[in-house]
Amino acid sequence: MLSIDEQRDEMGVLCLRLAGEADIRHAVALRESLMTAFRQESLVRLNLAGVTQLDLSCLQLLCSAHHSALGAQKALSLDEKLHGALSEVLRCSGFGRRRGCARSSEPDSCLWAREISEC
Amino acid sequence: MLSVQRQAFLEEARELLSELESSLLQLEESPGDLEVVGRVFRAMHTIKGSGAMFGFEAVSAFTHEIETVYDLVRDEKVEASRPLIDLSLQARDHILAMLEDETAVEETRTRTLVEAFRAFLPVAGPCESLKTSAVPEVVAEEQAEGPQRSFRIQFRPSPDIFLSGTNPLHLLREIEELGECRIVAQTENVPPLDEIDPERCYLYWDILLTTTADENAIRDVFIFVEDESGIDIEPLAEGGRIDSDEHQKLGEILVAQGALTVEDLKAALAKQRRLGSILVEEKLISEDQLAAALEEQRKSREKARSRGEQDAAATIRVPTERLDCLVDLVGELVTVRSRLSASAAARLDPELLAIAEEVERLTEELRASTLNIRMLAIGTTFSRFKRLVRDLSRDLGKQIELETTGGDTELDKTVIEKLGDPLVHIIRNSIDHGIEDPDGRRAAGKPVQGTVRLAAEHSGDSVVIRISDDGKGLDAGAIRRKAVEKGIISDQDELSETELHNLIFAPGFSTATTVSSVSGRGVGMDVVKKAIDALRGSVTVESTPGSGTVIRIRLPLTLAIIDSLLVEVGGEKFVLPLSLVEECVELTARDKTARHGRNLVAVRGQLVPYVPLRQAFALAGQAPAIEQVVVTRHDDRPVGFVVDRVIGEHQTVIKSLGRVYRDIAGLSGATILGDGKVALILDVPQLVAIAELEENAAYG
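Chains as they are written, first to last, in the numbering used here: chain A, 1 to 119; chain B, 1 to 700.
Looking at chain A on its own, in the form it has when it is part of the complex:
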């Protein structure tokens, strides 16, 4: 099960708080939430602290959301450093990197850059 809660911080910025299994079964729902969020907001924060499982479909989706946001002069940022298990998924799946990926116009704009020390 994946729960997606919307909260606003003291500055009024929308934060999507994900908890549970972020995998292919919930990828469609996650996309809907991200699209709804970006329709209304220009800045969205993402909190993955409660995520117990993260698969490639959701990793790919978050990448897509991040790039779409950049393209629309908006921003998607991670709330805090990823916990150990997610960091391990990131490293093993080749998402962990020191710099932004090749398609990115801004070299340091990757959502995952510096999330892990070594990739």
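Some hints could be false.
[Unchecked claim] Here are the in silico distance ranges between beta carbons for each label pair: (1) A:Q7 <-> B:L34: 55 to 61 Å; (2) A:D79 <-> B:D214: 52 to 58 Å; (3) A:D79 <-> B:A217: 39 to 45 Å; (4) A:Q7 <-> B:V318: 44 to 50 Å; (5) A:S42 <-> B:E302: 55 to 61 Å; (6) A:L78 <-> B:L294: 49 to 55 Å; (7) A:L78 <-> B:P159: 51 to 57 Å; (8) B:P159 <-> A:D79: 28 to 34 Å; (9) B:D391 <-> A:L78: 54 to 60 Å; (10) B:R118 <-> A:S42: 56 to 62 Å; (11) A:S42 <-> B:G230: 37 to 43 Å; (12) A:L78 <-> B:E287: 56 to 62 Å; (13) A:D79 <-> B:E281: 55 to 61 Å.
Calculated from the structure, these hints are not laboratory results.
We put the beta carbon where it would ideally sit given N, CA and C, even for glycine.
The hints should help you fit chain B onto chain A, whose structure is shown.
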């Protein structure tokens, strides 16, 4: 429905388990052979890794426990003892059951086996050993095995890979286990949020791997997804390692950091000036020298590529249904070809005749090639008997060894599949009734260990399988008494020893005085004979009291399309398998009168019994003045079949008769002739059996 990949895994796992069984039995014979231990370990390791990838988590977890113990066996910290091998064989059966239907497997049984395996771990280290995966240790050891090489790998999975239940992350982890690697997910194809289908995979990966494993081992990681995925494995220069300073190139570092894709790197490199051009410009070499050197380089690259392609395409896995479909299509083609030949012959058109002949030749080649694809080595069936002999002899307190020869003899897949059960029954009988217990063997002056031999060899268009044992042999007297008691023969019947021995194949015959769990459960050798007859084969027995018994099974090489002799009786056409036909002789009214109504014909001084097909099938019409006797060989005896006319050789595509006609005695199938009419295929053994019964009833 199972995904293609899961299905492929299941097939692969069954094969691995079969190899595992053989390896374990081999290990039992030579417990110190570390190469065999390595094979056992690798089989477990592959099942564990692939199992997890395709959602067989319980299988993977269970196999991990066994793998842990065998890792210690590899390190010679745990002995490959008989109890461990016993347990491993049970575990192998358990994994097979889990793969067939995980829900049907009792969890308590899994737990019991796991506990039993844990008991083999050294007391001080079980927790540590179980906590840490055996994999890194294996990798460390494998890395020490040979020189390290670096590979550039690009993995482009199918967009549907997530939906097929395959998790590419498991593949990436497996690659990681092979050595030191840098994995970079390339996201350039990932569409924007409003266009993305989140269930499709748009990612691909560039990987730089330094490992002692070879290219095939890397390719093996992708074995279940390679059909649908793009997998490009490029070795860096021989001995080149990406982590050694002198070889680490800027481009590779950038790719490893994810800052550059392999494509962009290649494009940039393409813009560099070639060494050849520089050398020519500097006048260090001539244009011709450059051209010659480039040509040599091209040839050596082509050679290397073709060698690589040959390795990769050495074998492919094809579902059996596709093969069956191909054989059906070839069958149809053979039928149409007959029609074409008949039609061309009728028109007397030389051009059409030439085309028909060409089609005939090509069809024949296609038929031979197609049937050849279906051929499998019988050794795959043999290996399962090793376990059978081991387990049964132990249950019965006997010491028996199984020797096999000719395992590479090939037979049609269908024949091999249907041969398993009859062979099991024969071997069970040999172990249960044939081979004596150790005391009995000692008393008879034989070695305590008995031997069952299984041998296969080609013999013309057949394969002969011999199952022999060095047991006590058949008791002809006991067989006779039993046959009389069961009413199979009468007290007055005079039978030779061979005829008496062959009575064991008569329906309802069993010499066992007690019903054991091994054989004698009401299923006699008659069932074996029926099964072999259904394969259009024959089975005979020879036995020497005190020395042992030999059962000989003769089987046709293929079941799908056979060469046959087309004959005609009363306007109806019939087909006889050509492999059984020996010759054709004439039968005149005078010959019949000379034998006083007995169905016998003299062939070169020997009287041959015959079956008049006109009577056998109650066909109307008058027989011609001179009939033909097709002499066949059945159970090593000549038997003739009287027909009106012999038409000639015919390639017969066998079609089953269907449910309603299946039990009609004397016919084994049907075929479609060139003119579209149906010809029935004669079942020689059944027709002979019916004629013998009628003969016995008429003359006693």
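For each hint, the structure was consulted:
no.	hint	result
1	A:Q7 <-> B:L34: 55 to 61 Å	holds (60 Å)
2	A:D79 <-> B:D214: 52 to 58 Å	violated (45 Å)
3	A:D79 <-> B:A217: 39 to 45 Å	holds (42 Å)
4	A:Q7 <-> B:V318: 44 to 50 Å	violated (56 Å)
5	A:S42 <-> B:E302: 55 to 61 Å	holds (57 Å)
6	A:L78 <-> B:L294: 49 to 55 Å	holds (52 Å)
7	A:L78 <-> B:P159: 51 to 57 Å	violated (27 Å)
8	B:P159 <-> A:D79: 28 to 34 Å	holds (31 Å)
9	B:D391 <-> A:L78: 54 to 60 Å	holds (59 Å)
10	B:R118 <-> A:S42: 56 to 62 Å	holds (58 Å)
11	A:S42 <-> B:G230: 37 to 43 Å	holds (38 Å)
12	A:L78 <-> B:E287: 56 to 62 Å	holds (59 Å)
13	A:D79 <-> B:E281: 55 to 61 Å	holds (59 Å)
Going down the numbered hints, you'll see the structure goes against 2, 4 and 7, while the others check out.
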